[in-house]
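Undergrad: Following the hints, position chain B against chain A.
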Amino acid sequence: METRFLPAFLILPLLLPAGAIAETADDISAVRDADPESVLDPQIERRRIKEADIDSENFEAGVYAGILSIEDFGAQPVVGVRLDYHLSEDVFFEAVLGRAEAGETSFETLNAGVRLLNDDEREFTYYQASVGYNLLPGEAFLSGGRTFNNALYLLGGAGITDFAGEEHFTLGVGVGYRLLVNDLIAVRVDMKDHIFNLDVLGEDKTTHNLELTAGVSLFF
Amino acid sequence: MPGLFDVRLKGETHPLRLVVVLLSMLVLLPVKAVSSEPSPPLQVKVAEPYVDIHTGPGRGYPVFHVVERHAPLTLLFQRAGWIKVETARGRIGWVPRKALLSTLDGSGETPELQNLGHEDFTGGHWQASVLAGELEGVTSLAVGLGYRFTENLTAEAMFTQASGNFSNTKLIDFNLQHQLFPRWRISPYTMLGTGRASIEPRATLVRPENRDETLAFAGAGLKAYLARGFVLRGEYRSYVLFTEENDNRNLEEWKLGFSLLF
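Keeping their order, the protein sequence lines are chains A and B. Going by the numbering used here, the first sequence opens with residue 627, and the numbers climb by one from there. Going by the numbering used here, the second sequence opens with residue 358, and the numbers climb by one from there.
In short, the hints are calculated from the structure, not lab data. Please read all numbers here as calculations on a predicted model, not as lab measurements. Positions of the beta carbon are idealized from the N, C-alpha and C atoms, including for glycine. Keep in mind that a hint or two might mislead.
Quick list of the computed label-pair ranges, beta carbon to beta carbon [unchecked claim]:
(1) D825(A) x G417(B): 43 to 53 Å
(2) R741(A) x G481(B): 47 to 57 Å
(3) L805(A) x D409(B): 43 to 53 Å
Excised from the complex, chain A in its bound form (with noise of 0.2 Å):
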């Protein structure tokens, strides 16, 4: 093995200006950590290490917007903020604060006038916080060259959704994908349904919103 690289540092001088070579002690021991890594005793900074000192990048912000479809009141333009936290490869934690504004009913559209909820109680705000599970982990390939972490997950999780004027506990499950374009960025597709139950239409009934949505994240 050394002979193989023998040739090359008898090159290397003929290539490297004057100056160079006279460096010293410094220069040594740079060659030595770029030696192969069986190399004995290589030369690591003197300190004690905690796991603490590492920096630790478990967090993710990101902002997210999409189609919202409120039943009863047609689907809607939605926008979102994240924050996550990675506990470990597999689970992961997640709260999110979103906000849509609720259409017309087909009863309003037909008869023009009657309107059932004015302006503020047709915001529609929800807050929820999830635990999600990276169901199929994996790598995937743009080219040869490229390769990207990426992730299915599952999100299942409880929040409070306020709409028509007043404050709904909801539940809120849903499948995603997660993309890391590099180590700081992720781009993610969402797809939940924000299930609580809802009066305004005469009878207490079990509404299902589902809410398609595309994001960036950062972590950090």
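TA: What follows is chain B alone, placed relative to chain A:
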């Protein structure tokens, strides 16, 4: 609280003042004062026969490289229980955090793992909680953020909301929790707290008058350490609302949820 203000006016160093300063410093802790200056790379060397390097942060990602005993590893950053490392040859990959136990730092010791949970207490850490429960027959939801100072003591701020058919109750409280046996996997704790309650009756009721009252409470609960940094938590709270009518009101609440330690 005139005493506290006297101390400030005099400008003397007083234990109370120190406490105030320390508390405000705690708030700033997560900003990581250390990270402002570029620190030298963290390096360890492998002490076991070898360490596997994975292509990604998960057990399923293939091992593409092996680092032998005595070779250095540069620790880049940590995420979700995995550490991104760079080898002496410039290969970049991931090792599980437990792989640190197979290495030695520059002082010749194994790096100390951060314990979040019922193991030895290795320093203060945060606790974020989400709880669902029942407050006087109404479903309540709560979020909280706490800081564990010592093995036994945690201080926490919590916001609780209970939306019922007759009223919408919001509570903001600050509490101190004391873990009696912090090394137990299932660890009992007691708590004392104070805060404010805001009760908005639903508009359909006769007396739609919002009430805003001071409260105090005592409680007890159990923390079950399920995984590193993850705690299942259940508690019971008994509140006393100091109403303006000089007629204190009692509320009871059960909560169940989880806490994240970080």
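Undergrad: If a hint holds in the structure, say so; if it does not, say that too.
TA: Here's how the hints hold up against the structure:
no. : hint                          : verdict
1   : D825(A) x G417(B): 43 to 53 Å : holds, 47 Å
2   : R741(A) x G481(B): 47 to 57 Å : holds, 54 Å
3   : L805(A) x D409(B): 43 to 53 Å : violated, 25 Å
Of the hints listed earlier, the one the structure fails to meet is number 3.
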